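**Q** One line per chain: the protein sequences are X and H, in this order. In this note's numbering, each residue carries its 1-based index in the first sequence increased by 457. Residue 78 in this note's numbering sits at position 89 of the second sequence, and the numbers go up by one each step.
Calculated from the structure, these hints are not laboratory results. Some hints here could point you the wrong way.
With a cut-off of at most 30 Å between alpha-carbon atoms, the simulated DSBU-like pairs for lysine-lysine come out as follows [as the list claims (entries may be wrong)]:
| id | chain 1 | residue 1 | chain 2 | residue 2 |
| --- | --- | --- | --- | --- |
| 1 | H | Lys235 | X | Lys486 |
| 2 | H | Lys169 | X | Lys697 |
| 3 | H | Lys255 | H | Lys270 |
| 4 | X | Lys588 | H | Lys293 |
| 5 | X | Lys697 | H | Lys162 |
| 6 | H | Lys270 | X | Lys486 |
| 7 | X | Lys517 | X | Lys486 |
| 8 | H | Lys5 | H | Lys62 |
| 9 | H | Lys235 | X | Lys579 |
| 10 | H | Lys109 | H | Lys119 |
| 11 | H | Lys13 | X | Lys591 |
| 12 | H | Lys13 | X | Lys588 |
| 13 | X | Lys693 | H | Lys278 |
| 14 | H | Lys6 | X | Lys542 |
| 15 | H | Lys6 | X | Lys587 |
| 16 | H | Lys270 | X | Lys679 |
| 17 | X | Lys579 | H | Lys6 |
| 18 | X | Lys668 | X | Lys679 |
| 19 | H | Lys172 | X | Lys697 |
| 20 | H | Lys1 | X | Lys588 |
Keep in mind it's a predicted model, so treat the numbers as computed, not measured.
Here's the letter readout for the chains.
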Amino acid sequence: MENVIIAENLTKRFEHFTAVDAISFEVKKGEIFGFLGANGAGKTTAMRMLCGLSMPSSGKASVAGFDVYRQTEDIKRNIGYMSQKFSLYEDLTVKENMQFYGGIYGKSDSFIKEKTEFVLNKLHLENEAKKLVKSLPLGWKQKLAFSVAIFHEPSIVFLDEPTGGVDPVTRREFWNLIYEAAEQGITIFVTTHYMDEAEYCNRVSIMVDGKIEALDSPGGLKQTFSAQSMDDVFLKLARKAERSDN
Amino acid sequence: MKTVIAENIVKKYGDKKAEIEALKKVSFDVEQGELFGIIGPDGAGKTSLFRILTTLLLPDGGVASVDGFDVVKDFKSIRQRVGYMPGRFSLYQDLTVAENLAFFATIFNTSINENYDLIKDIYSQIEPFKDRRAGKLSGGMKQKLALSCALIHRPSVLFLDEPTTGVDAVSRKEFWDMLKDLKREGITILVSTPYMDEASLCDRVALIQTGEILSIDTPAGIVANFRNQLLSARSANMLSLLKDLKQFDGAEDVYAFGEYHHLVLKEGFSIAQVEAFILSKNHTQMDVKTVTPVIEDCFISLMKAS
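Extracted from the complex, chain X is given alone in its bound form (with noise of 0.2 Å):
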């Protein structure tokens, strides 16, 4: 299968400080990949490089076919991304949201139509359309923010611990749509600190002190680490670090 990230000794050094050592990985078409870590491992900075936002000290690395040194603007216009703070402008309204990204994103006129149709349809936003997007509730706000990330159809969205603070119900909506998305052939990579929510992953690779320490499937990472859940895989790994944050 078609890998859509590839990265290979992947670094970023400021002066002394080695954020992201050498790290090497693959993320296929249409896969959730689970990127964990603690506080202060790296997830951010080697998110960042990938993203396009963050030059590399050194190393390789492609996302969705475009160079990170050279063409980080064809890797922005081919990625959609979300983080834990809201991507969507508070005081447009939900339509608007969705008019104006499409457009910083060279979509036609007949296609944002189209696809602001869809969403609303799609999460039942029908009558909020017209709507203040600060006046939605957040669970709403959330799968909303998610669905402008990628409107425009990006092969791959990262997700920054896109679910934090998140009611349980609604939490898993989120991931519903995140399944649906990969079906459709988005890659999906997310950063989480709910350790139930790296068993929904295909992939999960753990940082720790900039390194990436383990990489597999949810259940290799258990048996490796002979351990009864994520969370404590986790535990076992993480607690080795000698720069976590604190």
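Got chain X sorted already, so can you dock chain H onto it with the hints?
**A** For chain H alone, coordinates are given in the frame of chain X:
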């Protein structure tokens, strides 16, 4: 003795056109020395509640007292005796670690030496960095400094608003260990969190959702109130298993739960019927068993019932 009493607390935001009721007649009380958890997602009203109890926000209805003092009339007395750690880092970024701590000690008319024994275990971990500016600390160190500053005047009640949000699993465990030590010092602790699994670390918890308390009890009591039989199920294809189980007549509710799915069984149905149903859908490597619910199961069930 009850250290915190809240009766029918109401808080509203916005104007008449777009009014949001953040707290809808919330009532609960906390015993002296108790570690009390307020568990709920973002938007549940946790921060509004803490700000009212720490006298930083006026309620629109109801009464509340802390240590016997009224949160509206006696706000000055309350401020002397509570420690408050807001969800957002609120110390002085341009002061050093030691300066921040000395500052908070001074405004409470005490000194670091006077209460050092209380913060020693926490503060000693960041003391090697005492000349570093607070803004330059890592997240975990900021959290320890904020907790030290909230404790330096030896408060009788400590309010911690989402201290573990966005914190990784290892640091979360460490933080809860620190709370257990503080509880031993006799300090009453109110802590809010969106992480359901942290409920089991509290003496009692209030589960809260969109401004309403769903249940208040000990963690064991909340679990004991879960009436239905709960099953966990897995097979080789988890996604199709979830879709299939939703069609099962005996399923009150079905949802993903880590490596298993959880199925809340309706009365009159048996585990054998569930297994027969799964096999009829051609699943392989089936594994179905009865499990004890955890707080998250209870929260989901209470949310759907309300």
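**Q** Give a verdict on every hint.
**A** Cross-check of the supplied hints:
| no. | hint | result |
| --- | --- | --- |
| 1 | Lys235(H) <-> Lys486(X) | 28 Å, holds |
| 2 | Lys169(H) <-> Lys697(X) | 24 Å, holds |
| 3 | Lys255(H) <-> Lys270(H) | 20 Å, holds |
| 4 | Lys588(X) <-> Lys293(H) | 26 Å, holds |
| 5 | Lys697(X) <-> Lys162(H) | 15 Å, holds |
| 6 | Lys270(H) <-> Lys486(X) | 28 Å, holds |
| 7 | Lys517(X) <-> Lys486(X) | 19 Å, holds |
| 8 | Lys5(H) <-> Lys62(H) | 27 Å, holds |
| 9 | Lys235(H) <-> Lys579(X) | 19 Å, holds |
| 10 | Lys109(H) <-> Lys119(H) | 13 Å, holds |
| 11 | Lys13(H) <-> Lys591(X) | 20 Å, holds |
| 12 | Lys13(H) <-> Lys588(X) | 24 Å, holds |
| 13 | Lys693(X) <-> Lys278(H) | 27 Å, holds |
| 14 | Lys6(H) <-> Lys542(X) | 27 Å, holds |
| 15 | Lys6(H) <-> Lys587(X) | 16 Å, holds |
| 16 | Lys270(H) <-> Lys679(X) | 28 Å, holds |
| 17 | Lys579(X) <-> Lys6(H) | 28 Å, holds |
| 18 | Lys668(X) <-> Lys679(X) | 19 Å, holds |
| 19 | Lys172(H) <-> Lys697(X) | 28 Å, holds |
| 20 | Lys1(H) <-> Lys588(X) | 20 Å, holds |
In summary, this structure violates none of the numbered hints.
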